[in-house]
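Asks: Given next are the chains, with one letter for each unit.
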Amino acid sequence: MTTRCLKRAVSAALAGVVLVSLPLPAPAQTPIRIGASLSVTGTYAKPGTQQKEGYDVCVDELNAKGGLLGRKVEFVVYDDQSMPATAVKLYEKLITEDKVDAVMGPYSSAVSEAVANVTEKYKKVMVAPLAATTSIFKKGRKYIFMVISPAEVYLEGLVDMAAKRGLKTVAIINEDTLFPKASAAGTAEAAKKRGLQVVLQESYPKGNTDFSALLVKIKALNPDVIAAGTYFDDAVAITRQMKELNVNPKMFGLTVGGDLPEFHDLLKQNAEYVYGSTQWDDALPYPGAKDFLTAFTRKFKHEPSYHAAAGYAGCLIYAEAVKRAGSLDADKVREQLLKLETKTAFGDYKVDADGFQVAHKMVMLQWQDGKRVVVWPDDLASGKPRYPTPEWNKR
Amino acid sequence: MGVLITPTMIGQVVISGLLAGSLYALVALGLGLIFGVMRVLNVAHGPLMMLGAYTTFWLFHWWGFNPYLSLLITMPLLFLVGVVLQHFLVRRVVDAPELSSLLLTFGVSIALVNLAQLAFTSDLRSVEFLTGSFIAGPYALSKPRLAACAFAVAITIGAFVFLRSTRLGKAVRAVSQSREVAQVCGIDVQRIHLLAFGIGSALAAAGGTLVAVMVAIQPEMGQVYTFKSFLVIVLGGAGNYPGALLGGLLLGLVEQLASLFLTTQVNEAVAYVLLVLVLLIRPTGLLKGRV
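Here the protein sequences line up with chains A and B, keeping their order. For the record, in the first sequence the residue sitting at position 58 is 58 according to the working numbering, with numbers rising by one throughout. Numbers in the working numbering are just positions in the second sequence, counted from 1, shifted up by 395.
Source of the hints: derived by calculation from the structure; they are not laboratory data. Yeah, the Cβ is synthetic: ideal placement off N, Cα and C, and Gly gets one too. Among the hints, erroneous ones may be present.
Claimed, not checked - With a cut-off of at most 30 Å between alpha-carbon atoms, the simulated DSSO-like pairs for lysine-lysine come out as follows:
hint : chain 1 : residue 1 : chain 2 : residue 2
1    : A       : Lys52     : A       : Lys121
2    : B       : Lys565    : A       : Lys371
3    : A       : Lys139    : A       : Lys124
4    : A       : Lys268    : B       : Lys538
5    : A       : Lys299    : A       : Lys99
6    : A       : Lys332    : A       : Lys65
7    : A       : Lys138    : A       : Lys332
8    : B       : Lys538    : A       : Lys206
9    : B       : Lys538    : A       : Lys250
10   : A       : Lys301    : A       : Lys72
11   : A       : Lys219    : B       : Lys538
12   : A       : Lys332    : A       : Lys361
13   : A       : Lys361    : A       : Lys124
14   : A       : Lys89     : A       : Lys193
15   : A       : Lys332    : A       : Lys46
16   : A       : Lys394    : A       : Lys361
17   : A       : Lys139    : A       : Lys193
18   : A       : Lys394    : B       : Lys538
Claimed, not checked - One-sided excerpt, in silico: chain B residues whose CB lies under 8 Å from chain A:
hint : residue
19   : Val398
20   : Thr401
21   : Pro402
22   : Val408
23   : Ser411
24   : Glu523
25   : Asp583
26   : Gln585
27   : Val619
28   : Leu655
29   : Thr658
30   : Thr659
31   : Gln660
The task is simple: from the sequences and hints, build the whole structure.
Replies: Shown next, in the form of structure tokens:
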């Protein structure tokens with residue numbers, strides 16, 4: 001009686017164990033938690049949200065392929081309201097309270113610069129996919145990695161196209177803030193290297209709305225090329241006033257602003273022939289770009305911007321390094337990230353010993369009949385640049 | 396990198412400066428009026444201007460409404476907003492220390508900007524109505540800026556005529572000269588305060604409408620005009636209405652000439668240096684603080 005009872009109890013228990021363990025393949029493991037703060041509200045809400053969506057698509061893809069090191073992956077994301085000081089607190093919390101397994105970068109150079117101090121302190125590897133300022137990576141930090149091209153090379157393409165066409169002179173203007181200043185400096189250097197004469201280099205204060213005097217000076221110098229280190233409102237204002245003052249360079253290129261769909265929405269036919277530079281375009285023939293585009297639009301019902309693509313690629317690059325290291329250990333992952341050379345849906349990745357991006361390429365777009373056409377570099381171009389830019393009254 | 400500055404260039408820049416200056420004058424006149432009548436520094440002046448700009452934008456966007464005709468809507472609308480603000484809020488701080496009115500209008504300013512961000516998002520908007528310019532000999536006259544200048548001058552003159560020649564306008568000036576005496580003479584001071592805030596807001600709205608055709612707008616566009624307006628009324632003489640016109644034109648000219656002869660980077664700094672000089676040499680402003 002007792003034996004039978006015992007037997008039954010044992011078999012029932014065994015059955016129970018079998019039943020319980022059946023839906024769980026492999027030994028039950030906790031997911032890998034990756035922490036990040038993103039600008040979901042505030043000034044950077046738009047690009048910040050895109051970056052978050054890029055991370056989301058990356059996690060879906062990793063999990064669909066069986067996770068990372070055999071574990072599921074999930075993001076722990078907080079909103080830093082576009083404020084560096086808030087982001088610093090959030091990364092402290094992620095690392096010390098939430099004890100996340102890994103971190104990814106926030107949006108913008110300013111916020112990345114601030115939180116890098118925290119991630120370095122706790123020796124956490126941080127792939128910072130949306131930090132474009134060179135200095136962040138040149139301060140002897142060990143664990144931060146860059147994905148996008150630095151500000152200095154934004155208008156490299158414009159200079160290259162101009163030099164190939166035998167143009168001689170360029171005027172460079174920029175907003176007097178960190179990013180546009182760096183792009184203007186980089187452009188000036190590239191221009192000198194390619195034998196173009198910089199006939200004017202001048203910055204203007206943030207929020208400037210009247211560029212008359214500056215453009216009058218430029219008009220008097222009559223440069224072949226005007227290169228502008230802009231954000232967005234200044235890009236629109238300068239283009240309009242160039243028309244008003246009838247300033248007619250053979251090429252006119254912008255850093256940020258010229259690449260956005262809103263640029264054409266606002267300026268209509270006056271946006272035609274203007275060159276803009278961008279980190280990424282969904283038409284570029286990079287491996288996996290199509291799949292990313294499909295997955296992204298299916299999940300979010302809108303198109304990804306380059307911020308989304310960079311976030312997505314940054315997350316995959318980190319995952320690849322973890323796979324190769326076979327561990328989440330910061331020093332092992334760091335070693336792999338330094339060695340890694342790869343091409344993602346966002347383009348090339350390769351960093352120097354400081355984690356500074358050296359392989360990723362900017363592309364130049366030109367507005368043609370209301371569409372953004374990639375015109376540089378040649379191997380990625382989907383169309384020829386319309387050159388030279390006709391005078392305003394002939395557009 | 397030297398640019399040889401020719402008389403033609405100076406001429407072009409003077410034109411641009413005067414065009415910009417007329418608009419500064421219009422907006423500053425509204426701020427000056429409110430300050431003159433109530434001794435309230437309205438920090439929310441720029442955001443009120445922004446509301447005017449958005450009204451024009453939406454009218455244009457939804458119904459293709461002519462932006463210049465929309466002055467007939469934005470000005471009365473913002474007049475009402477001004478009256479409501481005065482009646483419910485500003486009235487309470489008219490006699491309080493100046494810091495109270497600064498704090499109050501600062502709060503209103505933050506509220507308006509954030510409400511606009513919620514309602515309209517922070518996307519840039521623009522009214523593509525008039526672009527390009529008229530060519531007069533060697534000079535280019537920007538169409539939207541020329542139109543803005545013409546309307547600004549017309550509205551400014553209208554406001555002067557109102558203040559100089561109408562009974563109500565005289566009452567406004569009387570209150571700004573001496574509230575007590577005006578009251579003794581039978582002027583309803585509270586009503587004049589409402590009127591002044593209403594007109595001040597309507598002038599800001601007119602500025603907003605005109606700017607919307609010139610540059611892209613966004614919820615934070617107004618702040619810079621608040622500062623410029625302060626500068627203009629101090630330059631011209633606080634409480635002196637023709638002084639606002641002089642101050643506005645002067646600011647426009649100085650900014651543009653500084654950009655031409657020095658660099659665009661320093662044009663604001665030059666404007667503030669001018670302000671310091673005026674305060675040192677003629678603390679009452681270029682025209683005396685007389686109404």
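Asks: What are the numbers of the hints that this structure violates, sorted from low to high?
Replies: 2, 14, 15, 16, 21, 25, 26
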